[in-house]
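Chains as they are written, first to last, in our numbering: chain A, 1 to 248; chain B, 1 to 248; chain C, 1 to 248; chain D, 1 to 248; chain E, 1 to 248; chain F, 1 to 248; chain G, 1 to 248; chain H, 1 to 248.
To be clear, the hints were calculated from the coordinates, so they are not data collected in a lab. Some hints could be false.
Claimed, not checked - EDC-like, lysine to aspartate or glutamate: derived pairs with alpha carbons at most 20 Å apart:
| # | chain 1 | residue 1 | chain 2 | residue 2 |
| --- | --- | --- | --- | --- |
| 1 | B | Lys-247 | A | Asp-194 |
| 2 | D | Lys-195 | E | Glu-142 |
| 3 | B | Lys-195 | A | Glu-142 |
| 4 | C | Lys-195 | G | Glu-142 |
| 5 | D | Lys-247 | D | Asp-86 |
| 6 | G | Lys-195 | C | Glu-142 |
| 7 | D | Lys-247 | E | Asp-194 |
| 8 | A | Lys-110 | A | Asp-97 |
| 9 | E | Lys-247 | E | Asp-194 |
| 10 | E | Lys-247 | D | Asp-194 |
| 11 | F | Lys-247 | H | Asp-194 |
| 12 | F | Lys-195 | H | Glu-142 |
| 13 | C | Lys-247 | G | Asp-194 |
As the list claims (entries may be wrong) - Label-pair restraints from in silico Cβ distances:
| # | chain 1 | residue 1 | chain 2 | residue 2 | range |
| --- | --- | --- | --- | --- | --- |
| 14 | C | Ile-168 | B | Ile-114 | 51 to 59 Å |
| 15 | A | Ala-84 | G | Pro-115 | 55 to 63 Å |
| 16 | G | Thr-69 | H | Gly-62 | 32 to 40 Å |
Computed from a prediction, not measured in an experiment: that's the story for all the values here. All C-beta atoms in this analysis are idealised placements derived from N, C-alpha and C, irrespective of residue type, glycine included.
Protein chains: 8
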Amino acid sequence: MYPDEIKKILDSVRDGSLSSEDALIRFKDLPYADLGHTRLDHHRAIRKGYPEVIYGAGKTSGQICDIVTAMLAHDNNILITRVAEDVFADVRDLAADARFHETAGIITVKRRDIPVPPTSIAVVTAGTSDMPVAEEAAVTAEFLGNRVDRIFDVGVAGIHRIFDHLDIIRNARVVIVIAGMEGALASVVGGLVDKPIIAVPTSVGYGAAFSGLSALLGMLTSCASGISVVNIDNGFGAAYSASLINKL
Amino acid sequence: MYPDEIKKILDSVRDGSLSSEDALIRFKDLPYADLGHTRLDHHRAIRKGYPEVIYGAGKTSGQICDIVTAMLAHDNNILITRVAEDVFADVRDLAADARFHETAGIITVKRRDIPVPPTSIAVVTAGTSDMPVAEEAAVTAEFLGNRVDRIFDVGVAGIHRIFDHLDIIRNARVVIVIAGMEGALASVVGGLVDKPIIAVPTSVGYGAAFSGLSALLGMLTSCASGISVVNIDNGFGAAYSASLINKL
Amino acid sequence: MYPDEIKKILDSVRDGSLSSEDALIRFKDLPYADLGHTRLDHHRAIRKGYPEVIYGAGKTSGQICDIVTAMLAHDNNILITRVAEDVFADVRDLAADARFHETAGIITVKRRDIPVPPTSIAVVTAGTSDMPVAEEAAVTAEFLGNRVDRIFDVGVAGIHRIFDHLDIIRNARVVIVIAGMEGALASVVGGLVDKPIIAVPTSVGYGAAFSGLSALLGMLTSCASGISVVNIDNGFGAAYSASLINKL
Amino acid sequence: MYPDEIKKILDSVRDGSLSSEDALIRFKDLPYADLGHTRLDHHRAIRKGYPEVIYGAGKTSGQICDIVTAMLAHDNNILITRVAEDVFADVRDLAADARFHETAGIITVKRRDIPVPPTSIAVVTAGTSDMPVAEEAAVTAEFLGNRVDRIFDVGVAGIHRIFDHLDIIRNARVVIVIAGMEGALASVVGGLVDKPIIAVPTSVGYGAAFSGLSALLGMLTSCASGISVVNIDNGFGAAYSASLINKL
Amino acid sequence: MYPDEIKKILDSVRDGSLSSEDALIRFKDLPYADLGHTRLDHHRAIRKGYPEVIYGAGKTSGQICDIVTAMLAHDNNILITRVAEDVFADVRDLAADARFHETAGIITVKRRDIPVPPTSIAVVTAGTSDMPVAEEAAVTAEFLGNRVDRIFDVGVAGIHRIFDHLDIIRNARVVIVIAGMEGALASVVGGLVDKPIIAVPTSVGYGAAFSGLSALLGMLTSCASGISVVNIDNGFGAAYSASLINKL
Amino acid sequence: MYPDEIKKILDSVRDGSLSSEDALIRFKDLPYADLGHTRLDHHRAIRKGYPEVIYGAGKTSGQICDIVTAMLAHDNNILITRVAEDVFADVRDLAADARFHETAGIITVKRRDIPVPPTSIAVVTAGTSDMPVAEEAAVTAEFLGNRVDRIFDVGVAGIHRIFDHLDIIRNARVVIVIAGMEGALASVVGGLVDKPIIAVPTSVGYGAAFSGLSALLGMLTSCASGISVVNIDNGFGAAYSASLINKL
Amino acid sequence: MYPDEIKKILDSVRDGSLSSEDALIRFKDLPYADLGHTRLDHHRAIRKGYPEVIYGAGKTSGQICDIVTAMLAHDNNILITRVAEDVFADVRDLAADARFHETAGIITVKRRDIPVPPTSIAVVTAGTSDMPVAEEAAVTAEFLGNRVDRIFDVGVAGIHRIFDHLDIIRNARVVIVIAGMEGALASVVGGLVDKPIIAVPTSVGYGAAFSGLSALLGMLTSCASGISVVNIDNGFGAAYSASLINKL
Amino acid sequence: MYPDEIKKILDSVRDGSLSSEDALIRFKDLPYADLGHTRLDHHRAIRKGYPEVIYGAGKTSGQICDIVTAMLAHDNNILITRVAEDVFADVRDLAADARFHETAGIITVKRRDIPVPPTSIAVVTAGTSDMPVAEEAAVTAEFLGNRVDRIFDVGVAGIHRIFDHLDIIRNARVVIVIAGMEGALASVVGGLVDKPIIAVPTSVGYGAAFSGLSALLGMLTSCASGISVVNIDNGFGAAYSASLINKL
């Protein structure tokens, strides 16, 4: 717990609205509930105005449901990534308003409204196989409270397809470029657009694509400026960064 | 040359302010002068409101001076990265107002004013050895028209140093985090700040640091959200992305 | 068999308590029984005051049971790592007092008491997904005769969680830090604690985490001092080293 | 020595124009002279209609001159790659008509005319720093008897530069694309041109460019069809392949 | 869409055979139909005289069938790579004349005749296990309108097998060499044949073969000239390049 | 086909025992039968006094049986590696005397006797998990006509186990050392034995063992002399080399 | 600054010995002096009872001297690693009692006595070339206040050399094992000694040693228990960890 | 020190030719002299009938001379690898009969005769640049007491050159094959020769040769049998293994 939060609590102590004893208890108990296997940081969600996020991969449906139950008590929005449909069945039993985004592999539970700025995030992909990552990015960005423009399947091999959508891409405030194989789409978009670009290498490809390494290295060494890169297949991370930028 | 630029020229043709012949000539000659070894894209500089940039590494002083001479004719700002002092001696003969930023290894020539927004970019580094990359980032960001807060040598091994500067870091609109070795500073700052973070792995370290690979992988797989990454030692690229964001 | 052991036997020969013929037989037969596929080193277990250890991965239930049967004849404690529940069913038929630690994937058979020092080993993890490795470490450390403090899910993204548990961590004699992805938790704990730290990178993560390589490199190149590292996911090895230190 | 060559000699034996003894001698002595450190395959040069090629890197000026002396005796054309100017001084003493191509690092000695087809090879590069590799390719292709169109510095970051030269590129019979960093130029040209493309990754770049690995992987996994790849910086190899194709 | 295509349409506008409104519509609608998940570039197929190609790996049978349905409307030839027999069952429902090439894992639908040049492409493989890649190459090359000579299982370990087929290999206009493990076959064929060689490393092998990396590096660094390389297992890409060359 | 074989046939032609026409036919037809997917090199088997070898991994039972059928016609010994029991069922239908070596994953068919030299090959392994590779080596060596001494499970962690078997190991003419993880056994044996050592790294281990890479690098860089290395898990190759040496 | 330090200052505020204003100032100014390029953490040195440490590699002599000057004001002990003799000349001008340890590349300045426990740290090396790393470890350990036993050049290739020194090694409280190439010495010592072992891979070796990677992987995957590993060539880090353990 | 050596000494004790006290002293003092930085194992040299070997790389001339001085006292043969001519000047001062083998970078001092078997070792190389490694192998093999046949510069690109020398290669008892780049020569020789082959990858090449990695992987995964591999550029190691085999 860092200084500025301490100060807020102490100010309440000083102005008499909080006793020292209660302050100490709030220091200890407030920031998270203890589930044994995952500590929930409710503070953070509220502080950021963002949903609670569960990274579903490698967690059992039971573990996810435990976390969701604890989260629901705080009426926060919830975003669960990298889950299959069977987890959704269990989560819906806990929250009838849960929604499953199949291609994205995401479950969302919306309990609070988030203000949505008028500017948009463009999500641009090279090929059909990049769609799960693209939808992870798009659904996340929308759930974080952003307008999203999807421009899919405009890979470099048919470069005129990018030019056809250039107006929409240039109109966005931030651009997420998603591509596997050699990831050249990031460089091409970077050369055409004067907006911050978040590039997402995908594990699409075979052989020397080395599960996304080729696209990752290509995006990191792009000759175009204004590109920064997130982990392979990390649609969520790209959307999170893009949302921070779009909401500045 | 892409559709919307063609349209602008053609509109001038249509409304009679430009003859077809002149239009054709402008198509061919306008966008850049031909130096044989490097084509200059003057359009781009003007279009972006950004300086011309020369990546100095691997170019001879002669090649750099040829490019600078051509650029100077357009009264653009010029930024030359990764150069040693001897190149500066030659460039100063061409432009008496050229300035050498020694730690950054950057030469700047300022011919035009750029509007500077009130918000700032924080440049945070882990250790003393990261300073050349940090200065490349800071000098670039300033030259692109941004206020820069330098918070140097606050590595994770003495974590209270970060807390001491948390106010300044949180005050910035974008944060550039620069670290070598394991690059953990990016994760720690990412956990404390709700602003977009551009992480720069540096080649500082030895052995399993593998010339920056360790920091690069660490930053890409950070458990904190809101972090995107540029190439190893790429202070310029981080500043360029951060400037795009800061000026939105 | 090395010099000092030879001397002990020879001393018995010299003082007449052992005939030369018996000495030769003990040289040949004593150190281990021959099962064909695995030679058991009973000496070692007794010598070290440690249980016999079977690394279960890649062994059939039949092979494991053969080894256990031979071990049981010596009334040693037995620790079997990386096994699933079905192996446990077979082992329980041989030893009714066998116990299965599910999350750790460990079977233990306790036949001898081991002295437990008053100091403790802290096992600190970054996230929920690191729990199997953490439990492998914790269960092993306890079975080797150590008190263990579990501090789970205190990853760097919410750094105040570490500060909340700093007292317990600083109280331990040795600290095992377990983290996947970028493994930054090791550096942060290393900067806060003046105790020897054994860091365990885990294969948790995806993409550029490269099955634990990212965390491994990060921990090896940590800017904090006092950290040494074991193999990816090697909870057992960390506990073994920590136990050696805790019992000094 | 393979069957069809044996047959030619044996046919001469059979029709009486060559005695068996002389045939045996020709089998042994004809194909190459023995210099101790490098056996010269004169046959091959004549057979291929191509110059003798010396890969200069890692050879002393003395070794190169020994080889050149032996070659000159056969009045073949000679191409020496990857040499510095000081080697040229020595070679010119042996052959006054030797010529040094500085940027390419190539010495040529022309003693025979080679027929030049009317079609051309386009050599396209991304940036100024790729020029040594590009010139190695261009000079080699010209010396092998091809017309060469140089289109330099048309990298993806300013994609309109490629469009400006599309006519020349499409006019060529084979296209050599040379790029470092992420090597995206190969994909872009591959999407625009229906000709066989030989891509040459260069070691230009730093950090995650990993001395050309990034460009190599990117070119191998290009989403565009019709691209095949040679070794990093292998301008000679690209020109050799392109020449074989151009002369079909 | 690039300049020369714009000109053709505009010429029609200028000579009155096309109205401006229709021109605009053709700009927007002609180049491809929008299926939501994959945009089809019909222009390209017609322009190249080549079939539409679907890379089947990672696509559902449903996605493939949607694309095929759209393609069939244009009476183009269709080539679907990397599919299993169950996809074929679905595609045959759409096109009764579809054909499944089992070893190659390819479905073809032939609706247009393609001119076949008299020269041939030789497909040479090292071992039996390389056959799926070899058939992907051979079937693709034939479907693109080429004669193909298959010379299979002539690996370097029994080098006389290559000599037995040297006449056929030398007779081809282009040679595709396919090999896994160390990929030495490419070097051997390269030393014997004066034709352009497209080398395909395969993922055949184990251990230090690293899923094709060993063969890939070997082919890229071959001591023989005239060899260029495509991605691991990329039989399709090799055939596409070879076909471009064979049809020059 | 190489010179000395040509000479033998030609000598028969010269002394009249073979007509030229028959010679030509033997050139073409003799060396192998054509099965379409695998050419059999009967010559080689006879020439080497070795069995025909089929590498079973990645071949269907049908393909293996086709090859076996062709081989059986020549009454050669047959060795099939890397097969599961179901392939054995099919092969036994073709050859009732076929034998399955389960741990080795090898099928053998013995039709000819091979002379066995009095000296032996020692097969030394580090742990139980290395046994499949060890048995592949041992069974192969025996089938190639060698005596084999198996010394299993004498890993470095209990170094006295090696000393117990030093006599047998030193008695062998060649030593095959098989170890996974860090592969240190090769160095230790190499320091104790003055015989040629063939080291086989195995894929046993996890994490930083990287599927055998750790052991492979360790064996290649061993500080002990007299060690040469084969591919990861390549028990067959080690036995083949050892047999060549043992039979010198 | 973490909670327990805050409490100490606040306690002084509460008992009146410190005013709130001064407390705030101490929060800001106390923990370190600001040199611009390196912030010194004097607190840490005192807190740990350890010297200030400067990692000299990549720092200029001027930078090092600035830091030393600041440190000397606090009369702490100072340890500077990875420096050459010319830096020593400059440092000696600042501190006449500075001492240069040539093989270790270390400068020490001793101003305070540190208690030395009776137990020792054994530093064991494989070969002569590992001596610089070994001396870095030994000098560091001694300067941190430990007795050190040096057992050098006892590599695995002559394994009896280890047995000759087994008594000394077993007598130590912690063992540092330093080896390059395949690093097998760590496994051998680990199998013979029941003490915690810190293994240091060195960059000694060539080819497949890959600058220490081979030894690093070997030590991480050692079949012996009780071994933990630090970065390649990190003699300092090993000594620091060993000292923490030795002083428990 | 291992059992059989203990027995020899003890036998002398038992038959009275050696007192117990002297036996103990010989246990301690006999096996090596202590130079501080390198312990010499004289026993080993005598035991193996081999020269003392000094790996010169990374040792100062002074260190080498210290070792040589100690060795000369025992009248053993001495082999120093990887040294430059300046070391030779110093060594010649110690031993006037020392000889420098320039290309090999080897110094030899011959004091004892070694029996030379009538069979030979063939050293076969691909290219001129492999000569230093080849000479390291050849000089070492000769000094160890073997006849050596040098067959240099017979790379795969001109495969008839191998056939020209096949008789000599097949005549050898062991074959050392030395090649850089893709290392295909090992596979080709392996397919032609029924003798044990020691393959040496060299660091010759650039780009994707990755300093010998390409050749190393290629040789390890060779499709030919009977090949085992030593470290990159390890001519000494290959000769040592080959000599062990040749002398069996």
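We went through each hint and held it up to the structure:
no.: 1; hint: B/Lys-247 x A/Asp-194; verdict: holds, 11 Å
no.: 2; hint: D/Lys-195 x E/Glu-142; verdict: holds, 18 Å
no.: 3; hint: B/Lys-195 x A/Glu-142; verdict: holds, 18 Å
no.: 4; hint: C/Lys-195 x G/Glu-142; verdict: holds, 18 Å
no.: 5; hint: D/Lys-247 x D/Asp-86; verdict: violated, 34 Å
no.: 6; hint: G/Lys-195 x C/Glu-142; verdict: holds, 18 Å
no.: 7; hint: D/Lys-247 x E/Asp-194; verdict: holds, 11 Å
no.: 8; hint: A/Lys-110 x A/Asp-97; verdict: holds, 7 Å
no.: 9; hint: E/Lys-247 x E/Asp-194; verdict: holds, 18 Å
no.: 10; hint: E/Lys-247 x D/Asp-194; verdict: holds, 11 Å
no.: 11; hint: F/Lys-247 x H/Asp-194; verdict: holds, 11 Å
no.: 12; hint: F/Lys-195 x H/Glu-142; verdict: holds, 18 Å
no.: 13; hint: C/Lys-247 x G/Asp-194; verdict: holds, 11 Å
no.: 14; hint: C/Ile-168 x B/Ile-114: 51 to 59 Å; verdict: holds, 53 Å
no.: 15; hint: A/Ala-84 x G/Pro-115: 55 to 63 Å; verdict: holds, 60 Å
no.: 16; hint: G/Thr-69 x H/Gly-62: 32 to 40 Å; verdict: holds, 36 Å
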